[in-house]
Amino acid sequence: MVRICWLLLAAVATGEVVRFIQITDIHLDQLYKTGSLVNTTCHRLPATAHPARRVFTLAGGNGARSSEHHGARSTVQVESTTVAGRFGVRGFCDSPLALLQAAGEFLTGEQAGDYAFIVWTGDSARHDHDLPLVPRSWDEISSEIAQVTGVLNLSASAPVFPSIGNNDVCGTAGGRVVNASDCQHDALAPGPNPVLANLSAIWGSFLGPSGSVAQADFETSGQYEMTAGTALESLHVISLNTIVWLEINAANPQDCDQPGAPAGYLEWFNATLARVSQQPGHRALVIGHVPPSTAVGSKAGCVRMLTEIVDHWQEIIVGHLYAHLHSDQYFPLPVPGKQVAGVALVAPSVVPSYNSAIRVFSIDDASLELLGYEQYWMDVDVANAAGRVKWELEYSTWDDNYRMANLSTAAWMDLDSRIRGNSTLAALYTKHRFVNGSPPPQWSQSSLD
Numbered sequence: 076m077v078r079i080c081w082l083l084l085a086a087v088a089t090g091e092v093v094r095f096i097q098i099t100d101i102h103l104d105q106l107y108k109t110g111s112l113v114n115t116t117c118h119r120l121p122a123t124a125h126p127a128r129r130v131f132t133l134a135g136g137n138g139a140r141s142s143e144h145h146g147a148r149s150t151v152q153v154e155s156t157t158v159a160g161r162f163g164v165r166g167f168c169d170s171p172l173a174l175l176q177a178a179g180e181f182l183t184g185e186q187a188g189d190y191a192f193i194v195w196t197g198d199s200a201r202h203d204h205d206l207p208l209v210p211r212s213w214d215e216i217s218s219e220i221a222q223v224t225g226v227l228n229l230s231a232s233a234p235v236f237p238s239i240g241n242n243d244v245c246g247t248a249g250g251r252v253v254n255a256s257d258c259q260h261d262a263l264a265p266g267p268n269p270v271l272a273n274l275s276a277i278w279g280s281f282l283g284p285s286g287s288v289a290q291a292d293f294e295t296s297g298q299y300e301m302t303a304g305t306a307l308e309s310l311h312v313i314s315l316n317t318i319v320w321l322e323i324n325a326a327n328p329q330d331c332d333q334p335g336a337p338a339g340y341l342e343w344f345n346a347t348l349a350r351v352s353q354q355p356g357h358r359a360l361v362i363g364h365v366p367p368s369t370a371v372g373s374k375a376g377c378v379r380m381l382t383e384i385v386d387h388w389q390e391i392i393v394g395h396l397y398a399h400l401h402s403d404q405y406f407p408l409p410v411p412g413k414q415v416a417g418v419a420l421v422a423p424s425v426v427p428s429y430n431s432a433i434r435v436f437s438i439d440d441a442s443l444e445l446l447g448y449e450q451y452w453m454d455v456d457v458a459n460a461a462g463r464v465k466w467e468l469e470y471s472t473w474d475d476n477y478r479m480a481n482l483s484t485a486a487w488m489d490l491d492s493r494i495r496g497n498s499t500l501a502a503l504y505t506k507h508r509f510v511n512g513s514p515p516p517q518w519s520q521s522s523l524d
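At position 244 of the sequence shown the residue is numbered 319 (our numbering), and the sequence of numbers has no breaks.
Take these hints with a grain of salt, some might be off.
With a Cα cut of at most 20 Å, we get these calculated EDC-like pairs of lysine to aspartate or glutamate [claimed, not checked]:
| id | residue 1 | residue 2 |
| --- | --- | --- |
| 1 | K465 | E180 |
| 2 | K506 | D475 |
| 3 | K465 | D475 |
| 4 | K413 | D491 |
| 5 | K465 | D205 |
| 6 | K108 | E185 |
| 7 | K506 | D456 |
Just so you know, the hints here were simulated from the structure itself, not pulled from any lab data.
With these hints in hand, go ahead and build the complete structure from the sequences.
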């Protein structure tokens, strides 16, 4: 199958077809216990758990089960007899180590093939769903991020470019880093700060040698720019700190229409794109965790400012890759009075909020045009029953259904028009949105945006 796909892409590429991978929202839970009760967030075995049913709050449009996400919400009740499988549980718990290892095995397998780099778009640590019994500490968060980093270091055969997720941070309204029950996700103060310094130390193998420009930028702001490696030296990966533009970031509440952070972070983005534009033939790939949309809790002023920057530099930006929602979506970036400036692509998660997924992109190394992607998925129920993970091709953007010539803004808006005008294609998109399946049966369709 991989060989056939490569032949199709080679027919439209002006240069060689090069692959890269996006992996995201792993949410490793070091406390996960196989055989534990799901209504204990997979932390406690039946003999130690309370027999009562537990109510989870589900955020609209997202597999995560906490108040960290925006949108309509619904509550579901989980039977106390439901137990955690070896590779996870669809819709509830975070990822066990076995699932992280299966994702690492994908990176060394035939389906991944030879790839030039990996985009890792955040959220490696578990959620805080087990409050107040098991609060998260910064030590635990750091340990989970370091463990995922270790697996990627061992598995990856190419450079890795990370982004900060909203569960990869710990802070308070005052920006203080804590190590107790008030360790809040989403709370990241403007840098430099101890959280960014610690992440920089964990990701040192990815950000370059100590004192490098990328590492210095990251320690100051949580974002950086690097070239994509020897196979794509003209492609610049720009990793944005999207946590600063979250409305619920108590450590940095101001919007981008006010001076300082986060507006200053987007000014850095604009200046970085300006530098890329001065190098003939060079292009930029923008990555981050939270997509720039008020629909998912991004600050309106920051969305407006980012979209204006994207509009100005859209000729040199080849794509926008985000995550956070655990589902397969896309967000047009409209500019008032103009056409859409770009499209933010949201990749589904490794944690099986629906099913686990990993994307493999193809890019033309001459034009640096994104040609398409293949999405691979794993059915967690089948994996638990079989005792092993089998990654399978879910779909590709150039297949007989989507029929996309590339991943340009025009191609995405054409697909958007076809989805809106074709109920069969719309149903297929909904199926893909939830990773080759429907939302968990406990979900209400009315809770989804």
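Hints and how they fare:
Between the alpha carbons of K465 and E180 the distance comes to roughly 10 Å, so the proposed pair stays at or under 20 Å and holds. About 16 Å separates the Cα atoms of K506 and D475, which keeps this hinted pair within 20 Å; it holds. Restraint check for K465 and D475: not satisfied, since their Cα atoms lie roughly 24 Å apart, outside the 20 Å limit. Of the supplied pair hints, the one linking K413 and D491 holds, its CA atoms being roughly 17 Å apart against a limit of 20 Å.
For the suggested pair K465 and D205, the alpha carbons sit about 30 Å apart, so the restraint of at most 20 Å is broken. A distance of roughly 30 Å separates the Cα atoms of K108 and E185; the hinted pair therefore is violated under the 20 Å criterion. Annotation: proposed proximity of K506 to D456 holds, straight-line Cα distance about 17 Å (limit 20 Å).
Hint check: violations occur at hints 3, 5, 6; the rest are consistent with the structure.
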